[in-house]
Each structure stands twice: as C-alpha cells, then as structure tokens.
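Going down the list, the sequences are from chains B and F.
For what it's worth, this note's numbering labels the leading residue of the first sequence as 1, then goes sequentially.
For what it's worth, this note's numbering labels the leading residue of the second sequence as 1, then goes sequentially.
Some hints here could point you the wrong way.
Selected chain B positions facing chain F (Cβ under 10 Å, derived; list incomplete) [said to hold, decoys possible]:
#, residue
1, LEU163
2, MET467
3, PRO625
4, GLU742
5, LEU746
Calculated Cβ distances over 12 Å to all of chain B for the following chain F residues [stated by the list, open to error]:
#, residue
6, VAL16
7, ARG19
8, PHE25
9, ARG79
10, ARG117
11, GLN171
12, SER213
13, THR215
In silico lysine to aspartate or glutamate, DMTMM-like type, Cα no more than 20 Å apart, as pairs [stated by the list, open to error]:
#, chain 1, residue 1, chain 2, residue 2
14, B, LYS393, F, ASP156
15, F, LYS113, F, GLU172
16, B, LYS699, B, GLU738
17, B, LYS699, B, ASP572
18, B, LYS393, F, ASP134
19, B, LYS394, F, GLU137
20, B, LYS563, B, ASP112
21, F, LYS56, F, ASP10
22, B, LYS576, B, GLU587
Please keep in mind that the hints were generated in silico from the structure rather than gathered at the bench.
Predicted model, so just to flag it, every value in this text is computed and none were measured.
Beta carbons: idealized from backbone N, C-alpha and C, even for Gly.
Residue-level listing of the chains:
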Amino acid sequence: MGNYLLILVCLRHSRRHLGRTLLLIFGIAMGVAGVVAIDIAKTSVEKSFDLSTQALVSRSTHQITGTGLEIPQQVFTDIRTDLGIHRSAPVISRHVKVSQLGDRILTLMGVDPFSETHFRNLHISPGEQVLSGIMTGSNGVFISRSHARQYNLDIGSPLDIFLGSRRTPVTIAGFLDSENSAAGRMLEGLVVTDISLAQEILDMGDTITRIDLILDADDPAEKIRDLVGNGLFLVETDQQNLAVRGLSQSFETSLTAFSMLALFMGIFLIYNTVSFSVTRRHRLHGILRAIGATRSNIFFTVMAEVMVYAVIGSVFGVLLGILLGNGAVQAVVATVSEMYFTLTVSQTHISGFTIAKGLLAGILAAFVSGFFPALSAAGTRPVSLMHRTVSEKKFNRVVPGLFICGLLILAAASLLMRTASTHAGSDFTGLFMIFFGAALMTPLLIRFLVRILLAAGMGSLGMMVKMALRNITRSLRQTSVLMASLMVVTSVYIGIEVMTGSFRLSIIQWVDDHIGGDIHMESADPLARSLDQDLVNRIRHLPRVTSLSAYNIHPVFSRASGKVHLFSYQSDQSVKRWSWTAAPKEELDALLEEGWIFVSEIFARQHNVMPRQGAAAVLETGKGPVTFQVAGIFRDFFMGGGRVVVSPETMARFWGHGDITALQLFLASGTPAEPVMDTIRQMLDPEDMIEIRSGNAIKKSILAVFDNTFIITSALQVLTAIVALTGILNAVTALLLERTREIGILRACGTLTGQVRQLLLHECFFYGLISGILAIPLGTALSWVLIHIINQRAFGWTYDMVLTPGVFFQAIALSSAAALAAGIFPSLAAGRTHIPTALHME
Amino acid sequence: MSDIDKSFDDSGSRRVIFRRASARFPSGKISVIVGKSGVGKSSLLNLISGIDLPDKGTIQVGDHCISFMNDTARTLFRRRHIGFIYQFFNLIPVLTVLENVTLIAELDKVPQKTCRRRAESLLEQAGLYDRRHDFPETLSGGEQQRVAIVRALVNDPDLVLADEPTGNLDQETGAKIMEMITGLARKKNKTLVMVTHSPDAAAWADQIFSVGSATLAPMDSHPHG
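One chain only, chain B, in its complex shape:
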C-alpha cells in the first residue's frame, strides 16, 4: 500500500481536526522558541562580552596591573626606557555614566595617542587629523559616530561624565569611526580621551589602570616581572579575559536548563496530541490494517505526519524565538552586568548555529514523543476494531511496572545530581530524569488518589462527582499523560516559587545581618571614598544612635576573577552565617586578628577554596601574592562577586588602607530614621558627597536588583506554562471528545445540558486537583535541586529552602483552575451535543 496515500489519509483526518493540529504546531513552536530565545541570549552575551572587551584589549598579549587596579605611570616609563619595550601603551579604563547618552554605563578610556598605533585602530574624524592633535590640551572626548547620531550630538556638544555622584563636563572633540558595523558596535561602549584628561576626570594623579603590552618570545618577560615586583602583576590578556568570561557561564547554562524545560513540556504536549490522535484513529488504522497496510506502513504514516508538523512548528518556533530573543538578551545582559562583569555593549547576535539548533531540537523532540504513539498505532490489529478498552487493559497491566521504572529513574537522577561533577549538562540530564521518572509513576499514583478521594466521601457528593472520578481511571492511559504534564508544570511553578521565595527570605535575612542597621552612609564620590574620622566619631555619639558598624571596602585585583572586594571592620555589628569554619565560632575573631581571613562562598567557589582544615587562598597584595589561611566561609549575596574580610591591621599592612568608607547606624528601638538622617545631613559640609539612606530603602533597592536576576527565570516559567497549557487544552479537548457517546446517552436519558457540562468540568477539576497534589512532592524535590544544585552552581549562593503551605495551596488552585479553564470550551461544546449523532458514535 502506498505510503503517500496513507499519509494523505492522515493529513486529511488532521485537517478535519484543525484546531488540535494547530495547537500541536503551536506547542512545538513555543518549545523551540524557548530554546532559540535563550540560545540567542547566551550567544549575545558572548558577543557583547567580546565587543565590550575587544576595543579595550585589542592586540595586547599581556597586561601589567596593580593590586588596587591602578599603577604608577612611572612604571610605563621604566618599561619603555629601562627595558626598551616599545610595543607598550598606558591605559586608563573605568566605567562611567554619560547623562547625554541615555545614562548608559560606558568605559571611559584614557589612551596615549603616541603609543596606540600598535594596539587599537581608533579611526577618528573629522578629516585625517591624528588623535593627538585633537585631544592634547583640550577637554575633548571621542564617542562613536553612530552613538552620537542616535542621541543627536555633534562635535562641540557638551557631555557630563558621572563617576558616582561626581560630575565632569567635557565636550565632543570628534567621532570614532569603524570599518564595519561589528567594529562600530564595539566602539559604542567607549568614551575615549587623552590619558591626562582621563586622569583629571578620574582624579587619578599620576596613576593609570594598566599597561598593555605586545610581547613575543624575545621579550624579557622575566625582567618585566622583576621590574613590576610588589603590588604589580604581569598577566596574559587572553587568560584573564577567559577567567572573567567564565564567571557567568554556569548562570548561562542554568538558563539553558530552563529553556530545555520548556522543550520538555513541548515533548509532553506532542506525545499527548499524537497519542490522542492515534487513539481516535484506532478504527481507521484497524481498517487500513484489515485491507492490507503493514505495521511499518502505519508506523511510517504516523511518524511522517508528526514530522510534517514538527518542521512547521519548528520553523515558527525559530521565528518566535528570534522575537523573544531580543527581550531575553536585554534581561540576560542586565543580569550578567549586575552579577558578573559590566557589559558596555549589548548586541543581539543570531547565528545560523542557533537556528539549526532550534530546528533540530523541535524535530528531535517531535520524533522522540511521536515514536511510542506511532509504535502503538502500528500494533493495531484488524481484529481489535472497535475495542478501545483493549489498549486500556493492556496499559493497566503495565502500570505497576511503570511505577517501579519511575522510582529507579528517580534514584538514578538523584545519584547523578549528587555525585556528578559541576558539569552543567548533568543538571539538565538530572532534571529530565526527575520529570520523566515522576511521569512514569503518575498512573499508579492517580489510581491510588482516585481511590482515596472516593473513599474519603467524594462519591457521596453526587453521581456526577463519582462519574468524573471514575472516568479518570477508566481512561488512565490518556488521562495519566495529561495529568503528568499538568503535574510537571505545576511542580515547575512550585519549584520556582519556593526557590525565589526562599531566596528572597535569605536575602532579607542577609541584608538584616550584613547591611542591616537603620541608616546607611557611604561616600557617593568613588574618588574620595574615605569618611572623615572626626565625623564618624561625632555620629557615633549622636543621641539615639546605639551602635554602628564602620568598615572599609576596596576592590583589588584577582587573577581568578578579575577583582575581589576586601572588607575590614573598625567596628562590626554584622552577623555572618557560616557555611564552614576552621575553628569554633567564638574563636574566629581572634584568628582574624592573627591575619587569617574570612571568605564569601562566591570567592571560595571562584578561587577553589575547599571547606576543610588547612584551607588557604592566595591574594594579590601590595607586597605581591600572599597566601592567607581561611578561618571561615560565610554565606554572602554581595553584588560584584567574591568578598574577603580581613582585619584592619591586615588591610593596612598588605594593601595600605586604614580608612572608613561606610557606616551602618543602629538606632534605639522605636526611633524613626528620618530625623536622625536630617541631623547627620546638617553635620556635613555642602561639598561632601555622602549618600545617606535608610535601612529600608537599601533593603528595597537590593531586593529589586535580585528580583531582576530572576526576570528571565520567571519569563521562562511563563513560557513553560504556556506550552503546558496548550498541551492541556489540546488533551482535555481530545479527552472530552472521547466522551461524546457517553454524553449522548446521558442526554437521551434526560440529563440536562448544564448537568453534562457540570460532569465534564468536575472531571477537569479533578485532573487539576490530583495533578496539583502529585506536584507537591515533585515541586519540593525540584526546588531542592534548583536551590542546592543549579542555583549554587550558577551563582555560587547557598540559601535555606523555605516551604510554606501557601505555595502548595496556590499550586493546587492554579492547577485546578488551569484544568477547569481548559475544560470550558469543550464542555460548552459538549452541552450542544447532537444526541442522535452521538448515540451512533463508536
């Protein structure tokens, strides 16, 4: 029998059920869209990172930098004159904001025009004038031409450069031009000026950020190391970039895991739809088999049809993914900039590879999910015509076996996720296995729960309730797929809700412990960060101020992560939650005084500090690299990466800082913060740029930043929900259509339209209720995995899992409401059933 004709039969059958066919295509498209959007976001971060750094590092092979992320300009002179290395260039680079350029964060780059030729191709206009001619002796800066055009700026336009609250007015001296659009994007993140103007803007005196070098085998690297000595470091540019780039990769991989979740939902959806479609065509397949179609004919026909829809859905998915990708890029770039490294250029990058990956994901998912229903269709025997219950009975026999398989898969997933290395792929495999295992356990659990509900007296609520519950187990083969999908999506809801809820609680606790206090003060001038000691003393003795934390914070260079933040406390009210300590907690302060250090979890992760006796970390100090004993690892959510706490003596000895940069004030109970803040403001000089904020305001702003980091997760949660709901709608429609004959009988016997609708809605409600109940353990397990494995690997944070009954009730309510909503249209349609036709349906 010609397969072509068979496929035609199936396609025509699908055309008759166009709504469900479209839902299937939509589901595939949504799953693929999630994968494509996240892949676009990831490759765009990669591209944006390259664009943000290429202009800065360009052709340099090495860099010399200092422990405090700045070095004396004299070092540059020594390199040139003493060592005769001419391919060297002094560089100043620091992130600033320019109000006339949309308040975007840009890199202010100070360069020496005479040293630049070896490093960067900074083409400037107007005319052929050289960079030096325009910049030297003026307060002129260069910005990219496209950027200027975007904001209607021209040569001579004034710009205000902000470093914290410090404002420096400059003017546009010319434009940076590029040979192609990619390079043009690269320049958009830059404000270039002469090194002396940069020093003036940044109040850096005779220091620079670093020296770029192009070294080859003949260059005396050892001599350079001798020259740079204490407090200065020679690093390989590529390796340093690689280290910084690596910081966010776990986060990006966790996004992939979430996008795969959407695709996984898509697989359920396709399985659902194809499975229902095969059931509905049982008779058709039986006839085809009876007149000579082979098993392989039927298998091929079903698969071919699925693949046709897979291709259509995948193509739509890619297009939708490209649209969604733009939004995802913004969210992911914002999170990466907040959490890991500043991206001054945001570029949406869509590669052919991403598109191919999306298409392949959709087609593979459809193949996998269509395979078993196709196999089942191929197994149709001509003699089994009109015996739908045959397959139900067969399925009922394998239900206990499925449960045991599911248990084994769950055990394997747990083993994989606990023992696997930090390889990110294992996270997704583990997640996939958890969902798959739980889905296999669903049929037996559904049967069990239905019995419990009936035994608990649900049946006494009326015949309709009883019928609704029994209908679930009667069509278990189909209802279990639908309810497994609903269970998975509800568990994703629970997982993400518990994760974000627990995270917020931990953040609030951390803010209270570390940044707590009723009033927070720090310098708003990044160039003059020290608070006057006299002022500190006067504030300490203000009435109603009961205690204060006075600390200093300094960013220093780190080979592993670009930079780390050093903290030392003059007085400290903070409470740390320790992940690990080398000694009893009461002895830790003494260890700190002896020169040991405390490190944050993020630092420990980035610098491979293991929580065990003898733990140590190398820090780049003003005296060169020094190994410090680690006294404890503390839980930390500090924005900007790893944090190290040292004693004030250690800070002064190795980094030369003895100042105070921030204060937290603790007021007597019941004292409002505002009047005290006003008193402090009156104590300040008008020129002092000191930011005074209430503890509540700080808490709110920190929570807002952290909430932003979950925007993309929440967006994926919504996407997953849409895919799942599409599947549920599809499945409910198909399931209720199966009841047509039964509805006809009921109507013929005198059941009112409203009562029929009531029956179907009851059934849908129970789909949701049971799925919601089943989702509670799965969602709890998922939240554990998200909190203790995926998030920890992505961000390096640990926090306690907090389970609240409210989330579970919400989840059950949502699941029931979703199933009910999916049942509205089918039940309305069922109410209009034409009884004579329904009575003659098989």
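With the hints as your guide, set chain F onto chain B.
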C-alpha cells in the same frame, strides 16, 4: 403525532425521512415499528422522545405537546415520562448496575432512599439484584440489556421507547428480553413503542407500523389480530 415532516442534510442534498406522517400509539399498548435499514425508524423514536425535533407537525405525549418545548423542558419531560432502551445497551461504564439504574432519579433529586428501593425492587424482578454492585463490562449482553430495561422503567415512565432491543443479542437471549420488556410493560400498563427487525419481536405487538418512503403507516394485520 400528526403531520410530521422531517428531513436531513445528506452531503448537500435533503433526505426526506417523513412527509406529513401521522400516527397514534395508544396508551398501555405495545406498538412495533418495522422497516428497512435507514428508512428512519430510530429517527422516529428520537422525534417521539424529544431528542430531535420535527421540521413540521406536532408530537403529543399524553397531554404534553413536546414539539413546542424548549430543550430543557424536553429533557426534563424525557427524564420523567419516557424510558429509553437501546440496541447497544448504552450503559455508563463507570457506574455500577445500581448506579446506572438510579442515575436519572438522582439527577432529578428523587431522595436516594426512594430511588434505591425502587431500583433494587426492579433489579430483583430482572434477576440482577446480586449483580447490582458490578460494573457493566463484567455483565453479559443479555444482562446489560436487562439493566437497560430496568433503567428505562425505574422512573415509572408513561412511555417506553425501545430501539432494536434484541438486535445485539442471540435469538434465545433476545426472546427472553422481549418477554421481559413486554411483560413489564403490560404488567405496569406502559405504552411501549419498539423499533425492530425481528419478526419474533413483532409477534408481541398490539399494533404494527411500517416506515418507508417517507411515510408511517399501520399495517393491516398482525399476530394479535
């Protein structure tokens, strides 16, 4: 029923089932409808029960003219005054025998005790009392049809409609079922309208109608003469 017109849309053309068809099925009598396949026998029962509506004409059951009722009223009328027996039994698979029988009464808010007592009494008469907690799929065809008959009678309807009640049963079981239906109908003085192909079934009739060529006409002779 008088002056009934009924036609269906059949692949673009109208297929006339009845044209100005009239008939009277006397109360307490057994009427049998015969005719070839596809001439409209089942459609006639659908019209009489209010499941379907005629294009023209009126159908009156007792004092009630069901042609002018809305869907809800017709459904409630059917529930309270008509019992239906089908060829394929049409039991609800997820309900037990007893629940199948009491379903309609329960939907009609008849007190559970009352409808249960009535159902159990009828099931006992049908020899199915011991199987009242079993599900339909565990019963034989004959037993399922007996349950369907009990379900049709449980609300004490004025009119019982049977659509090929023995069509799916062997001859011996069919004869027993016919005996049961007609026996119960006569005993309880019910009006029974039955569609059948079976000549044996026709033998139980008080009057026979023939359906064909868009007409419904009484046949001249029948076994009870």
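For this session: Please write out, lowest number first, the hints stated earlier that are contradicted by the structure.
Result: Checked against the structure, the hints that fail are numbers 1, 3, 9, 14, 15, 16, 20, while the rest are satisfied.
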